[in-house]
Amino acid sequence: MEQFFQQLTNGLAVGAIYALIALGYTMVYGVLKLINFAHGDLFTIGAYLGLTLLTSLALTEHIGPVWGVSVLAVMVMGLVALIGALLDRLAYRPLRESPRLSAVVSALGASIFFQNTVMLIYGARFQVYPQNILPKTAINIFGLYVPLIRILILLASIVMMGALYFFIQKTKVGTAIRAAAIDQGAARLMGIDVNRVILMVFLLGPAMGGVAGLMVGLYYGQINFTMGWVYGLKAFTAAILGGIGNIPGAMVGGILLGVIEAMGAAYLSIAWKDAIAFCVLILILIFRPTGLLGERVAEKV
Amino acid sequence: MQKKYNGKINPRNAVYTAVAVVLAMLPAFLNPYWVDVLNSIGIYAILALSLNIIVGHAGLFNLGHAAFYAIGAYTAAIINTRFGVPVLWLLPLCALTAGLFALIVARPIIHLRGDYLCIVTIGVGEIVRIALINNVFGMTGGANGIFGIDRPSVFGYTVRSPYQFFYLIWAFAGLTIFLFHLLEYSRFGRALNYLREDEVAAEGSGINTAHYKLACFVVGAAWAGMVGNIYAAKMTIISPESYSFWESVLMFTIVILGGSGSIPGVLLGAFLIIGLPEIFREFANARMLIFGAAMVVMMIFRTQGILPSRPRSYKLSKLRAGEGSP
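Protein sequences appear in the order of chains D and Z.
At position 258 of the first sequence the residue is numbered 258 (the numbering used here), and the sequence of numbers has no breaks.
One gets the numbering used here by counting positions in the second sequence from 1 and adding 1000 to each.
I should point out that these hints are in silico values taken from the structure, not numbers from a laboratory.
Where hints are given, some of them may not hold.
Said to hold, decoys possible - Below, in silico cross-link-like pairs of lysine to any residue (SDA-like), each with a Cα-Cα straight-line distance of 25 angstroms or less:
no.: 1; chain 1: D; residue 1: Lys273; chain 2: Z; residue 2: Asn1144
no.: 2; chain 1: D; residue 1: Lys33; chain 2: Z; residue 2: Thr1303
no.: 3; chain 1: D; residue 1: Lys273; chain 2: Z; residue 2: Ser1242
no.: 4; chain 1: D; residue 1: Lys172; chain 2: D; residue 2: Lys273
no.: 5; chain 1: D; residue 1: Lys33; chain 2: Z; residue 2: Phe1245
no.: 6; chain 1: D; residue 1: Lys273; chain 2: Z; residue 2: Arg1312
no.: 7; chain 1: D; residue 1: Lys273; chain 2: Z; residue 2: Lys1315
no.: 8; chain 1: D; residue 1: Lys273; chain 2: Z; residue 2: Glu1241
no.: 9; chain 1: D; residue 1: Lys273; chain 2: Z; residue 2: Phe1245
no.: 10; chain 1: D; residue 1: Lys33; chain 2: Z; residue 2: Arg1302
no.: 11; chain 1: D; residue 1: Lys273; chain 2: D; residue 2: Asn195
no.: 12; chain 1: D; residue 1: Lys172; chain 2: D; residue 2: Asn195
no.: 13; chain 1: D; residue 1: Lys273; chain 2: Z; residue 2: Ile1104
no.: 14; chain 1: D; residue 1: Lys33; chain 2: D; residue 2: Gln222
no.: 15; chain 1: D; residue 1: Lys33; chain 2: Z; residue 2: Met1139
no.: 16; chain 1: Z; residue 1: Lys1315; chain 2: Z; residue 2: Leu1179
no.: 17; chain 1: D; residue 1: Lys136; chain 2: D; residue 2: Val159
no.: 18; chain 1: D; residue 1: Lys273; chain 2: Z; residue 2: Asn1134
no.: 19; chain 1: D; residue 1: Lys33; chain 2: Z; residue 2: Ala1294
no.: 20; chain 1: D; residue 1: Lys33; chain 2: Z; residue 2: Ala1202
no.: 21; chain 1: D; residue 1: Lys273; chain 2: Z; residue 2: Ala1294
no.: 22; chain 1: D; residue 1: Lys33; chain 2: D; residue 2: Ile83
no.: 23; chain 1: D; residue 1: Lys136; chain 2: D; residue 2: Gly123
no.: 24; chain 1: D; residue 1: Lys33; chain 2: Z; residue 2: Asp1198
no.: 25; chain 1: D; residue 1: Lys33; chain 2: Z; residue 2: Arg1196
no.: 26; chain 1: D; residue 1: Lys33; chain 2: Z; residue 2: Ile1109
no.: 27; chain 1: D; residue 1: Lys273; chain 2: Z; residue 2: Thr1209
no.: 28; chain 1: D; residue 1: Lys33; chain 2: Z; residue 2: Asn1193
no.: 29; chain 1: D; residue 1: Lys273; chain 2: Z; residue 2: Gly1138
no.: 30; chain 1: D; residue 1: Lys273; chain 2: D; residue 2: Arg125
no.: 31; chain 1: D; residue 1: Lys273; chain 2: Z; residue 2: Phe1137
no.: 32; chain 1: Z; residue 1: Lys1315; chain 2: Z; residue 2: Asn1134
no.: 33; chain 1: D; residue 1: Lys33; chain 2: Z; residue 2: Pro1108
no.: 34; chain 1: D; residue 1: Lys33; chain 2: Z; residue 2: Gly1059
no.: 35; chain 1: D; residue 1: Lys172; chain 2: D; residue 2: Gly162
no.: 36; chain 1: D; residue 1: Lys33; chain 2: Z; residue 2: Ala1293
Said to hold, decoys possible - Partner residues aside, some chain Z positions facing chain D, computed with beta carbon under 7 angstroms:
no.: 37; residue: Asp1115
no.: 38; residue: Val1120
no.: 39; residue: Glu1126
no.: 40; residue: Ile1127
All C-beta atoms in this analysis are idealised placements derived from N, C-alpha and C, irrespective of residue type, glycine included.
Here chain D stands alone, though its shape is the one from the complex:
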């Protein structure tokens, strides 16, 4: 029971991180029908920027851990969103009219570029986050202890995902995003500036991804320049699991995948932990390509 509960909360925290990254994939896919391979690397950049800001500004020492981390998160979100918008402008926008696979290659190229930029700036070794940022306490829930950070990650993600959901569903810009996702041509005819919608998507998605990077840094305490693509692939799996192009789907898929992975690692085999997500990916694409709540992906005629 103890182990199950620990794995469950761990899975929920990791799943919340997957969900945050998956949102970026699913929104870009919804609007552009493009798998943004560079998204995982934006997540890495978020983790590294978080580390740099954390150590150079020492915010948490000046204004306390909670405010410090919050301000840090906002800064990371802003910076990574900027990089995301730049990525769209330089690597994807010139390819809007080209065949879709050209954009996929461009995305792969951008991913390689980001990954190696991070490696050249920070070095190839693991970088370590300072250990004393958040209090290392555990919270007692019905007699079982859960580390505080897991709860914070889960809560912060739920708040952010809720805000995003509200934004997409209730605001004018959100409506424009949904319209562009359904039919770009028609949206354009209705007077929606599709390029601005795409820019918006490339600000929101990377902001979420960047914050997820910061969370991984705080949770695991170490980051590496290659981690982006493993997290990226798993988050993409989560997006497919929930149904690609579907925002609540990405949230559900992420959390579900996190829990499946944690349970698989605990009860099946720890050595095969990384393979579990890929098996889920393949099984989902074979048996239910629409995902749990989503759109059709197999070749349509």
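Keeping the supplied structure of chain D fixed, place chain Z upon it in accordance with the hints.
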């Protein structure tokens, strides 16, 4: 390329012949280190040519090619170290296991749309690598891999030095180029190109697209499996890190930057991507950065690669009735 029967020399063919002659003579002027670089280029060239069938000709995005390469290499290593069968005799078996694996894996996923296929092949590649690390069936030696693979021997001569490997590898590359050239201009090659350009139209013209997609996956994988065999024999020690996702990306980059669907393009790509970092060693760390940027720039300004495949042309006078239809 069209066959000329009028005795005139095609300037393109003259250039290819000159390049081949220069390449064949190069080892005489180079030290073992540089010959070894040429060997690496040769291995990647063959791998990229095999991937070119899948990515370039059929337009199927495969980012897990290293898995097939790994299966070939491990087949050779396991059978050679356990049963002592000479490595090169295992070439057909390596092709068979890699091809069979491709058949089993690709069968259920082949209908997926381009970018999904890409993601799934990445997943397959990773699962294979993780399986190798976890010492699956107790045969792959875990993270350390397998060592003590025999040197290959050709007609009783053991191939040992980089110079000898140069001729073995490039002979295989030459054979690959010849066969893949024939394949490109065969009914099979034409069908693959058709389904790359317009799958619906291809299906409508009576091309069994699922069958052809699967067949090209199996051919590409089988060839990569054979390269795996040669690689295992060259290194005498293999381990899972040699088959990481980045190997697949490297092969993919060679095909895309060189010119997908074009044999000269892919060869040039292999020289540029494997060879250039050796020349500019001080920038070796930045090479993937430059390739990444080059991929983006290339897609924007020259989607077809450095040396793109030329459109097929058939002279009317040379066509007999019924010839040239797929």
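We went through each hint and held it up to the structure:
Restraint check for Lys273/D and Asn1144/Z: satisfied, since their Cα atoms lie roughly 19 angstroms apart, inside the 25 angstroms limit. For the suggested pair Lys33/D and Thr1303/Z, the alpha carbons sit about 19 angstroms apart, so the restraint of at most 25 angstroms is met. For a cut-off of 25 angstroms, the pair hint linking Lys273/D to Ser1242/Z stands: about 21 angstroms separates their Cα positions. Taking the CA atoms of Lys172/D and Lys273/D, the gap is about 42 angstroms. The hint is violated against a cut of 25 angstroms.
With a C-alpha separation of about 24 angstroms, the suggested pair Lys33/D and Phe1245/Z falls inside the 25 angstroms cut-off, and the hint holds. As the CA atoms of Lys273/D and Arg1312/Z are separated by approximately 48 angstroms, the hinted pair breaks the 25 angstroms bound. Among the hinted pairs, Lys273/D with Lys1315/Z is inconsistent with the structure: their alpha-carbon atoms are about 58 angstroms apart, more than 25 angstroms. About 18 angstroms separates the Cα atoms of Lys273/D and Glu1241/Z, which keeps this hinted pair within 25 angstroms; it holds.
Taking the CA atoms of Lys273/D and Phe1245/Z, the gap is about 17 angstroms. The hint holds against a cut of 25 angstroms. In summary, the hint linking Lys33/D to Arg1302/Z is supported, as the alpha carbons are separated by about 22 angstroms, within the 25 angstroms threshold. Among the hinted pairs, Lys273/D with Asn195/D is inconsistent with the structure: their alpha-carbon atoms are about 40 angstroms apart, more than 25 angstroms. Between the alpha carbons of Lys172/D and Asn195/D the distance comes to roughly 16 angstroms, so the proposed pair stays at or under 25 angstroms and holds.
Taking the CA atoms of Lys273/D and Ile1104/Z, the gap is near 23 angstroms; set against the 25 angstroms cutoff, the hint holds. A threshold of 25 angstroms between alpha carbons decides the hint, and for Lys33/D with Gln222/D the separation of about 33 angstroms lies outside it, so the pair is violated. In summary, the hint linking Lys33/D to Met1139/Z is not supported, as the alpha carbons are separated by about 42 angstroms, beyond the 25 angstroms threshold. Among the hinted pairs, Lys1315/Z with Leu1179/Z is consistent with the structure: their alpha-carbon atoms are about 23 angstroms apart, no more than 25 angstroms.
A hinted pair counts as satisfied when its Cα atoms are at most 25 angstroms apart, and Lys136/D with Val159/D qualifies at roughly 22 angstroms. This hinted pair checks out: Lys273/D and Asn1134/Z have alpha carbons roughly 11 angstroms apart, not beyond 25 angstroms. For the suggested pair Lys33/D and Ala1294/Z, the alpha carbons sit about 23 angstroms apart, so the restraint of at most 25 angstroms is met. This hinted pair checks out: Lys33/D and Ala1202/Z have alpha carbons roughly 24 angstroms apart, not beyond 25 angstroms.
About 34 angstroms separates the Cα atoms of Lys273/D and Ala1294/Z, which puts this hinted pair outside 25 angstroms; it is violated. For the given pair, Lys33/D sits about 20 angstroms from Ile83/D by alpha-carbon distance, which is consistent with the 25 angstroms threshold. For the proposed pair Lys136/D and Gly123/D, the alpha carbon gap of about 29 angstroms is over 25 angstroms, so the pair is violated. A threshold of 25 angstroms between alpha carbons decides the hint, and for Lys33/D with Asp1198/Z the separation of about 19 angstroms falls inside it, so the pair holds.
Between the alpha carbons of Lys33/D and Arg1196/Z the distance comes to roughly 19 angstroms, so the proposed pair stays at or under 25 angstroms and holds. Distance check on the hinted pair: Lys33/D and Ile1109/Z sit about 19 angstroms apart at the alpha-carbon level, within 25 angstroms; holds. For the hint pairing Lys273/D with Thr1209/Z, the CA-to-CA distance comes to about 36 angstroms; that exceeds 25 angstroms, so the pair is violated. At roughly 24 angstroms between alpha-carbon atoms, Lys33/D and Asn1193/Z fall within 25 angstroms of each other, so this suggested pair holds.
This hinted pair checks out: Lys273/D and Gly1138/Z have alpha carbons roughly 19 angstroms apart, not beyond 25 angstroms. Only pairs whose Cα atoms come within 25 angstroms are accepted, and Lys273/D paired with Arg125/D is accepted, the gap being roughly 22 angstroms. For the suggested pair Lys273/D and Phe1137/Z, the alpha carbons sit about 18 angstroms apart, so the restraint of at most 25 angstroms is met. In summary, the hint linking Lys1315/Z to Asn1134/Z is not supported, as the alpha carbons are separated by about 56 angstroms, beyond the 25 angstroms threshold.
Taking the CA atoms of Lys33/D and Pro1108/Z, the gap is near 23 angstroms; set against the 25 angstroms cutoff, the hint holds. For the given pair, Lys33/D sits about 18 angstroms from Gly1059/Z by alpha-carbon distance, which is consistent with the 25 angstroms threshold. A hinted pair counts as satisfied when its Cα atoms are at most 25 angstroms apart, and Lys172/D with Gly162/D qualifies at roughly 17 angstroms. A C-alpha spacing of about 22 angstroms is found between Lys33/D and Ala1293/Z, which places the hinted pair at or below 25 angstroms, so the restraint holds.
Annotation: interface hint on Asp1115/Z holds; nearest CB of chain D at approximately 5 angstroms, less than 7 angstroms. Evaluation of the Val1120/Z hint against chain D yields a held restraint, the C-beta minimum of about 6 angstroms falling below 7 angstroms. Interface restraint check: Glu1126/Z against chain D, minimum CB-CB distance 5 angstroms, threshold 7 angstroms, status holds. For Ile1127/Z, the shortest C-beta to C-beta distance to chain D is roughly 5 angstroms, which falls under 7 angstroms, so the interface hint holds.
Hint compliance for this structure: hints 4, 6, 7, 11, 14, 15, 21, 23, 27 and 32 are not met, and every other hint is.
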